[in-house]
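Numbering (numbering that gives the first Met the number 0), first residue to last: 0 to 109.
What the hints contain is simulated information worked out from the structure, not anything from laboratory work.
Please note: incorrect hints may appear among the correct ones.
If you anchor each label on the Cβ, the simulated ranges turn out as follows [unchecked claim]:
#: 1; residue 1: Y102; residue 2: N63; range: 13 to 21 Å
#: 2; residue 1: V61; residue 2: L33; range: 16 to 24 Å
#: 3; residue 1: R95; residue 2: C74; range: 15 to 23 Å
Just so it is clear, CB atoms sit at the ideal spot from N, CA and C, and this is done for glycine as well.
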Amino acid sequence: MNLSRRLRIQSLKRRNEIQEVFDRGKKIYLGFGLLVLHNRPEDTSKRKVAVLVKKQCGNAVVRNQIKRVLRHVFCALPEIYNSYNRVVILYRERGRANYHSIYREMKSKI
0 MNLSRRLRIQ SLKRRNEIQE VFDRGKKIYL GFGLLVLHNR PEDTSKRKVA VLVKKQCGNA
60 VVRNQIKRVL RHVFCALPEI YNSYNRVVIL YRERGRANYH SIYREMKSKI
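Generate coordinates for the entire structure from the input sequences, incorporating the hints supplied.
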């Protein structure tokens, strides 16, 4: 695996796309929040991810740090991005995100 190459992941931005993932996707409840996975067979070329962080988790700096950690964990787990092309991660825990604990928990549940 070439570590210098980034995955081509786009953001899932539209409200109706996110709602479709919530309605039709597979929900996995984790200690820090919710992971929703959905595979759209008609759109296999693009992988889209939405990371949703509640405002109660902290100020903008903390929320952006949480989003970066969650995107990095998503890229580090090939079993997610090889199987599903629509992913929504909802983070509900307060405070900063710990990469290793989130990685272990997501790997054990999938």
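Hints, one by one, checked against the model:
{"no.": "1", "hint": "Y102 to N63: 13 to 21 Å", "verdict": "holds (19 Å)"}
{"no.": "2", "hint": "V61 to L33: 16 to 24 Å", "verdict": "holds (19 Å)"}
{"no.": "3", "hint": "R95 to C74: 15 to 23 Å", "verdict": "holds (19 Å)"}
Comparing the model with each earlier hint shows no violations; every hint is respected.
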